[in-house]
Amino acid sequence: METREAELKGLGADFVFGFVQSMDGERDPRNLLLAFQIAKSIVHRGYDLGKFTEELFEVTSCYFPIDFSPPPNDPHGITREELILTLRDVLAGTPQFAEFLLPLIIEKLDSDVQSAKLDSLQTLTACVSQYEHKDLAEFLEGLWASLRREVFQTSSEKIESAGLAALTALTSCLSRSVLNSDSEDSLCIFLDLVLKDCKHHLCEPDLKLVWPSAKLLQAACSASNRASHIIVTAVVPSIIEQYNNRTQMNASVMCWFCFWFCFFSGSVGFSVEEVVLTCSSLQRIAEQVQDTEETGRCFHDIIIPRLLSLALQSVSLICFSQNIVRAFFMRFVWFPFWVFHVSRLAEKTASRAVSLFLDGDVSFLPDNSFPSDIQLLKQKGDSWSQSQMVCLLMGCVCSLPRSVEVPQMDQLLLQLEELSCTCSHPPSYTSAAKCFAGLVNKRAPGQFVCTLLLVFRVYSVLDSESSSVRTQAFTLMIWVRVMLHVVYIVFHCVSLKLFSLLDDADLGPMAADGFSLLMSDSSDVLNRSCHADVRIMYRQRFFSENSAKLVQGFNAAPQEKKPNYLKALSNIVNKLPKQVQVTELPALLSLLLEALSCPDQGVQLSTLSCLEPVLIDPPAALIQQLEALVNRLLALTSSRAMLNSFQHMSLFQVLPFRARVLRALARPLDDKKRLVRDEAVQARSEWFLLGSPGGS
Amino acid sequence: MSGGTRLENANPVIFQRSGQRLHTATEEDEDVHDPIDDREIFDILSINDPEHPLSLEELNVVEQIRVKVNDEESTVGVEFTPTIPHCSMATLIGLSIKVKLLRSLPERFKIDVHITPGSHASEEAVNKQLADKERVAAALENSSLLEVVNQCLSTRTI
Numbered sequence: 001m002e003t004r005e006a007e008l009k010g011l012g013a014d015f016v017f018g019f020v021q022s023m024d025g026e027r028d029p030r031n032l033l034l035a036f037q038i039a040k041s042i043v044h045r046g047y048d049l050g051k052f053t054e055e056l057f058e059v060t061s062c063y064f065p066i067d068f069s070p071p072p073n074d075p076h077g078i079t080r081e082e083l084i085l086t087l088r089d090v091l092a093g094t095p096q097f098a099e100f101l102l103p104l105i106i107e108k109l110d111s112d113v114q115s116a117k118l119d120s121l122q123t124l125t126a127c128v129s130q131y132e133h134k135d136l137a138e139f140l141e142g143l144w145a146s147l148r149r150e151v152f153q154t155s156s157e158k159i160e161s162a163g164l165a166a167l168t169a170l171t172s173c174l175s176r177s178v179l180n181s182d183s184e185d186s187l188c189i190f191l192d193l194v195l196k197d198c199k200h201h202l203c204e205p206d207l208k209l210v211w212p213s214a215k216l217l218q219a220a221c222s223a224s225n226r227a228s229h230i231i232v233t234a235v236v237p238s239i240i241e242q243y244n245n246r247t248q249m250n251a252s253v254m255c256w257f258c259f260w261f262c263f264f265s266g267s268v269g270f271s272v273e274e275v276v277l278t279c280s281s282l283q284r285i286a287e288q289v290q291d292t293e294e295t296g297r298c299f300h301d302i303i304i305p306r307l308l309s310l311a312l313q314s315v316s317l318i319c320f321s322q323n324i325v326r327a328f329f330m331r332f333v334w335f336p337f338w339v340f341h342v343s344r345l346a347e348k349t350a351s352r353a354v355s356l357f358l359d360g361d362v363s364f365l366p367d368n369s370f371p372s373d374i375q376l377l378k379q380k381g382d383s384w385s386q387s388q389m390v391c392l393l394m395g396c397v398c399s400l401p402r403s404v405e406v407p408q409m410d411q412l413l414l415q416l417e418e419l420s421c422t423c424s425h426p427p428s429y430t431s432a433a434k435c436f437a438g439l440v441n442k443r444a445p446g447q448f449v450c451t452l453l454l455v456f457r458v459y460s461v462l463d464s465e466s467s468s469v470r471t472q473a474f475t476l477m478i479w480v481r482v483m484l485h486v487v488y489i490v491f492h493c494v495s496l497k498l499f500s501l502l503d504d505a506d507l508g509p510m511a512a513d514g515f516s517l518l519m520s521d522s523s524d525v526l527n528r529s530c531h532a533d534v535r536i537m538y539r540q541r542f543f544s545e546n547s548a549k550l551v552q553g554f555n556a557a558p559q560e561k562k563p564n565y566l567k568a569l570s571n572i573v574n575k576l577p578k579q580v581q582v583t584e585l586p587a588l589l590s591l592l593l594e595a596l597s598c599p600d601q602g603v604q605l606s607t608l609s610c611l612e613p614v615l616i617d618p619p620a621a622l623i624q625q626l627e628a629l630v631n632r633l634l635a636l637t638s639s640r641a642m643l644n645s646f647q648h649m650s651l652f653q654v655l656p657f658r659a660r661v662l663r664a665l666a667r668p669l670d671d672k673k674r675l676v677r678d679e680a681v682q683a684r685s686e687w688f689l690l691g692s693p694g695g696s
Numbered sequence: 001m002s003g004g005t006r007l008e009n010a011n012p013v014i015f016q017r018s019g020q021r022l023h024t025a026t027e028e029d030e031d032v033h034d035p036i037d038d039r040e041i042f043d044i045l046s047i048n049d050p051e052h053p054l055s056l057e058e059l060n061v062v063e064q065i066r067v068k069v070n071d072e073e074s075t076v077g078v079e080f081t082p083t084i085p086h087c088s089m090a091t092l093i094g095l096s097i098k099v100k101l102l103r104s105l106p107e108r109f110k111i112d113v114h115i116t117p118g119s120h121a122s123e124e125a126v127n128k129q130l131a132d133k134e135r136v137a138a139a140l141e142n143s144s145l146l147e148v149v150n151q152c153l154s155t156r157t158i
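Residue numbers (the UniProt record's numbering), protein chains in the order written: chain A, 1 to 696; chain E, 1 to 158.
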């Protein structure tokens, strides 16, 4: 056949007929193998089958599925596998056999014999790679019914995976087809069948067929972008809705969600909305579910590796758009990793995370398609996409209880310091700084010397005006400072530095904002649920030690730097407990009044929120000042926040100002913004009723 | 309120309150001018009924469809429907509406408050009183009348 192909083809269909006749009834395995090989050539080499297509098929398919046990000590060495594979090549070789082969496969899938089933499934997988949708159209229902049965009622893992592979191949074939304007979209028709049977199982409360349904959907999804898009858009909303309807989070729900997450992360081509939706659902579930051994295991063994894998894929492979990457990381900065702190498991996750980030060890991740030399704690040139992974590291290690030791701590701190001081991408270097600080905070107080040295290293960067990384150094300093309430010496040094920076040309405004950070609880790294060391009353102590200095600095500062001081002041005062505010305010009032006239709206608003307790319940010392205060406020009646504050003012002390206030409030009634007008109407109505008969 | 008098309309029909107005994106945009519209005026008219612990909206005395405002021409017209044709509270209700609008709108606006035609026996007389500026001002000088009006306009729930 090899040498005389043209001549043989020239014989036309007669050759095929002759061959069929000679093969008929053959039983010797050696001859059969040869016959199959000839048939394979006929089919693959494009010989004209003429009207003998069916005959050729019949004569070969009667041996399907092969049921052959070679006799022991067989000198010829013909194996069952050889026969199976060669026959398969024949049967699956041409679309012309489709109309005969597919019914045969469906029939054989019904058989009880495992090997027959397996063979049928594998043949199906092989043949659809050659076929087009029109070949499959009339058999889709039958094929689906059989595949579904095989996966739902499977008794063997091999058959199940063969079935899933067949489904993937089938879907892939359908996805490939080019549509005419008058032909139906067979992919949609087929997926409708699949979804109809599988979707409702995913929502069943007793989880009977969840796993098989999920696997089937996943198999279909992985066939092509089109298929995955169709399936994901059909399934995801109902799952989310279903989840939302559950009021009680228990272990089974968690596991069910795990399945879904695995399935979801296995498919490709989802949109930003879907990413955000999944992530927020995951977050909500994590926050609400009960903290048991089972859920903890589910979380640490399944979800976290998947998460890290997905994150890594999104930054190292190019198939994800920048929008998705950004959306993804914004979500996960807030992920409540600390929720599942079953110690043993958290420790395992922490050590895996550390080995991933320090050593590039990806062995525990489910997908193995990552490059082997990733270095997540180093910035690669200008690209910051990898370095933003550090926020996930932060989640994994910073929330560990104190009793759990983080492996390779020194090495980790070194690299984190490097990253936070050299990286040029703000979210990345901020996360690195936070992670560093979170780790430092967990160390024993006796190790603060290293931290002190760090702080001085940072100072030297800050002091050199020409350095290009001053902002990064500043960020690191701030975060370390936030964490170190336990070590007062460092605290003191750093706060001095912060004050001195208020005058700095570049870092002044940031230093002022830094005070806000200092005084507040950072919800992601510094709070009790993260086992961080938080000393009580640090705010008051800070304030009482530094307020005089702040006032002095303000008075001495040149005009353009004064806003920094005002901002710092209002940030600090804002976070004090109410009683302290009220006692301290008289001394600061003139400064705060000044802050109200500051053109920076942020300063105005934060000052106003400090002054609110004074307005509602003015202490005696402030009565004289009230007029000045009210006048300042009236000057600002175009701002909604200002107008809002007018509604809450106390009664008698402010009564003398009533006429003035009513007049001043008339102007914003005609403001171009409706929201401002609304506030003005409410405020003015209140003031009309103030002190009037029948009013308040 | 003078105590012990019999209520005029003891069993009023109660209508459902419309929900809060939803903010749109343009309302947040500082550069866009939001014109004053009917709904805004209607929201201003959240006034209490003098007799019942209900609002005028709930009694269907004021309806959004009977509020007409023209921001460019600085005119606003409100028609109100007393619950029964011989309601002696009609003048009081009309006065409350007028006062609320006077207090809540810029000075440039010309305010017209009148009874929905055909819904009250003495609508002509009441409308004439409400349209007369001097009479309105004089009424508000009367402290007991002012007290009642302020109670209707009070935002603290009864």
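What the hints contain is simulated information worked out from the structure, not anything from laboratory work. It cannot be assumed that every hint is accurate.
Below, simulated BS3-like cross-link-like pairs (lysine-lysine); rule was C-alpha separation at most 27 Å, straight line [what the hints assert, rightly or not]:
#	chain 1	residue 1	chain 2	residue 2
1	A	LYS672	E	LYS68
2	A	LYS199	A	LYS158
3	A	LYS672	E	LYS110
4	A	LYS51	A	LYS40
5	A	LYS561	A	LYS575
6	A	LYS108	A	LYS9
7	A	LYS673	E	LYS68
8	A	LYS673	A	LYS575
9	A	LYS348	A	LYS378
10	A	LYS575	A	LYS497
11	E	LYS133	E	LYS110
12	A	LYS673	E	LYS110
Derived coverage of chain E by chain A (criterion: at least 3 residues anywhere in the stretch with Cβ under 8 Å from a Cβ of chain A; other residues may be distant) [claimed, not checked]:
#	region
13	58-69
14	76-82
15	106-113
16	119-133
17	140-147
Using N, Cα and C, we set each Cβ at its ideal position, and we do this for glycine too.
Hints, verified against the model:
1. Of the pairs offered as hints, the one joining A/LYS672 and E/LYS68 holds, with about 19 Å between alpha carbons and a cut-off of 27 Å not exceeded.
2. Proximity of A/LYS199 to A/LYS158 is assessed by CA-CA distance (about 24 Å); at most 27 Å being required, the pair is judged to hold.
3. The hinted pair formed by A/LYS672 and E/LYS110 meets the criterion: a straight-line CA distance of about 19 Å does not exceed 27 Å.
4. The suggested pairing of A/LYS51 with A/LYS40 holds, with an alpha-carbon distance near 18 Å, which does not exceed 27 Å.
5. Restraint check for A/LYS561 and A/LYS575: satisfied, since their Cα atoms lie roughly 23 Å apart, inside the 27 Å limit.
6. A distance of roughly 33 Å separates the Cα atoms of A/LYS108 and A/LYS9; the hinted pair therefore is violated under the 27 Å criterion.
7. Proposed proximity of A/LYS673 and E/LYS68 is supported: the alpha carbons are some 20 Å apart, at most 27 Å.
8. This hinted pair does not check out: A/LYS673 and A/LYS575 have alpha carbons roughly 31 Å apart, beyond 27 Å.
9. Distance restraint check for A/LYS348 and A/LYS378: the Cα-Cα separation of roughly 24 Å lies within the 27 Å cut-off, and the hinted pair is therefore satisfied.
10. A distance of roughly 21 Å separates the Cα atoms of A/LYS575 and A/LYS497; the hinted pair therefore holds under the 27 Å criterion.
11. Of the pairs offered as hints, the one joining E/LYS133 and E/LYS110 holds, with about 11 Å between alpha carbons and a cut-off of 27 Å not exceeded.
12. A hinted pair counts as satisfied when its Cα atoms are at most 27 Å apart, and A/LYS673 with E/LYS110 qualifies at roughly 21 Å.
13. Taking a C-beta to C-beta cut-off of 8 Å, the region 58-69 of chain E contributes 0 residues in contact with chain A, too few for the three needed, and the coverage statement is violated.
14. Restraint check on the region 76-82 of chain E versus chain A: 0 residues with Cβ-Cβ distances below 8 Å, three needed, restraint violated.
15. Counting residues of the region 106-113 of chain E whose beta carbon lies closer than 8 Å to any beta carbon of chain A gives 3, which reaches the threshold of three, so the coverage claim holds.
16. Counting residues of the region 119-133 of chain E whose beta carbon lies closer than 8 Å to any beta carbon of chain A gives 0, which falls below the threshold of three, so the coverage claim is violated.
17. A stretch counts as covered by a chain when three or more of its residues have a beta carbon under 8 Å from one of that chain; for the region 140-147 of chain E and chain A the count is 4, and the coverage holds.
This entry does not satisfy hints 6, 8, 13, 14 and 16, going by the numbered hints stated previously.
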